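Given chain A, work out where chain B should sit, using these hints.
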Amino acid sequence: MTFRPSRVIIPRSFDDAYLHLESAGESAAIIAGGTMLFRLRGTGLLDYIDTLVDLSGLGLSYVKDGGDGGLHVGSYTLLADIYKWLSSRPGMARAFGALADAVTSMPGWQIRNMVTIGGSASISMPQSDVATSLLALGARVILSGPSGDRSMDLRDYMAGPLSPARKVNEFVRELFIGSSEGGSAHEKFVVSDIDHPVASASVTLALAEDGAIRSARLALGGGLRRNVVLDSPRELVGRMPEPGTLEEVYSLARDSVDPLEDHVATAEYRRHLAGVMARRSVLRAYARAGGSAR
Amino acid sequence: MRIKFELNGSTAEVEVEPWESLFDVLRGKFGIKSVKTALCENSCSACGACTVLMDGRPIYSVMTPAYRANGHRITTLEGLSTKGHLDPLQEAFLEAGAVQCGFCTSGMILSAKAFLEGGGSPDEREIKEAIRGNLCRCTGYVKIVDAIRMAAVRAGKEGKEEVEVGP
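Those sequence lines, one after another, are chains A and B.
Position 274 (the first sequence) corresponds to 629 in the working numbering; numbering is contiguous.
Position 149 (the second sequence) corresponds to 232 in the working numbering; numbering is contiguous.
Don't read these hints as lab results, they were simulated from the structure.
Be a bit skeptical, because a hint or two may be false.
What the hints assert, rightly or not - In silico lysine-lysine, BS3-like type, Cα no more than 27 angstroms apart, as pairs:
id: 1; chain 1: B; residue 1: Lys211; chain 2: B; residue 2: Lys240
id: 2; chain 1: B; residue 1: Lys166; chain 2: B; residue 2: Lys116
id: 3; chain 1: B; residue 1: Lys240; chain 2: A; residue 2: Lys439
id: 4; chain 1: B; residue 1: Lys211; chain 2: A; residue 2: Lys439
id: 5; chain 1: B; residue 1: Lys112; chain 2: B; residue 2: Lys166
id: 6; chain 1: B; residue 1: Lys119; chain 2: B; residue 2: Lys87
This one's a predicted model, so the numbers in the text were calculated from it and none came from an experiment.
The shape of chain A in the complex, shown without the other chains:
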């Protein structure tokens, strides 16, 4: 084990944080919940880190209803707290059900009491259920830096494993999830609770008055090289979740992913499961949106 950062800095102001991030440069890592850092500390991947910057003193733990149906979530908010907030608001829980599903799919309250939403986004990996659900929900990342805030689509922020698209002196202040008048859901397949998902899918749906799907966003994750996000796929929009529609959704998901192949699952099996999870998430989100499947 050679993960040996020499110091931890806990800034008390945003300006203080920018200065420390700037001065430590590439040898600094922002520590959120810390679970990924401590999980990887024996792998050699983190040996370059000399400074841990801990932003937990900046008041970044909150969930706020934006008033327009959207959610503002501080980047250091624990997943357990997000789940509790959502589950006490049934309307929100339907619209943001994918996020609640993703949290409860994580094995145990210990993890939910440690992992933050900002950390889940910043590891930038398709294996994260929370990140996949946020992609389906169209989340945006609010980055704070010395020149002010900027907003970025989460899919652009998640540039590659452990390599989010932030400047060295920036940090994620908040995630913003826009209003959702419909329903959303997250589904995943795991070999066991302690493994990453073999495949996962999240979807957000809004319905027209006749029950047809008016808008949709499908995100695929799990054992993939990268997340896939499909906006308004023609396989869903204007359709009812009938068997033919679901078969097309299955094919769409199966053909869209670039899966890993390892001892857990073949690439072909992951493709198949991407389709199955997509189909299941559509059915669940449709019901949450108030639809009645035929």
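Just chain B, lined up with the frame of chain A:
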């Protein structure tokens, strides 16, 4: 860096390194033997044997930076009994026969403690969800769930009858 926290009701102060986990410090510097690692080399999150309570919430100590304990209340199994009396959950585990090899027991009891203190009921599904982050390789969980339900009923949580414990 030097941290100060409450450990099982007493003030604790210790020097920690940035890379040390709470597990490293509790076991290595305070001799707390109830926290354990099992499936992990360093920091796996799988089994729950390293569970402790931070301000009443269960966390995996092996994945928690030690410095994060600063200013917080840490409870391990050693902190549950008072004046020589076991916690009602510990009593229930004994009575229900919920312990076989004992490796998972401390983590199980701490997760159950957080569950009951948080208003958990004797509902079997809720109990199973509460201990989902703790693996047991001996008991099949049946008697563990029995024990937690028994403690919940005795604590006056919602539940109508005394739990019958199987043979």
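Taking the hints in turn, this is what the structure says about them:
Of the pairs offered as hints, the one joining B:Lys211 and B:Lys240 holds, with about 16 angstroms between alpha carbons and a cut-off of 27 angstroms not exceeded. Restraint check for B:Lys166 and B:Lys116: satisfied, since their Cα atoms lie roughly 20 angstroms apart, inside the 27 angstroms limit. A C-alpha spacing of about 20 angstroms is found between B:Lys240 and A:Lys439, which places the hinted pair at or below 27 angstroms, so the restraint holds. For the proposed pair B:Lys211 and A:Lys439, the alpha carbon gap of about 18 angstroms is at most 27 angstroms, so the pair holds.
Among the hinted pairs, B:Lys112 with B:Lys166 is consistent with the structure: their alpha-carbon atoms are about 24 angstroms apart, no more than 27 angstroms. A hinted pair counts as satisfied when its Cα atoms are at most 27 angstroms apart, and B:Lys119 with B:Lys87 qualifies at roughly 22 angstroms.
Violated hints: none; the structure is consistent with every hint.
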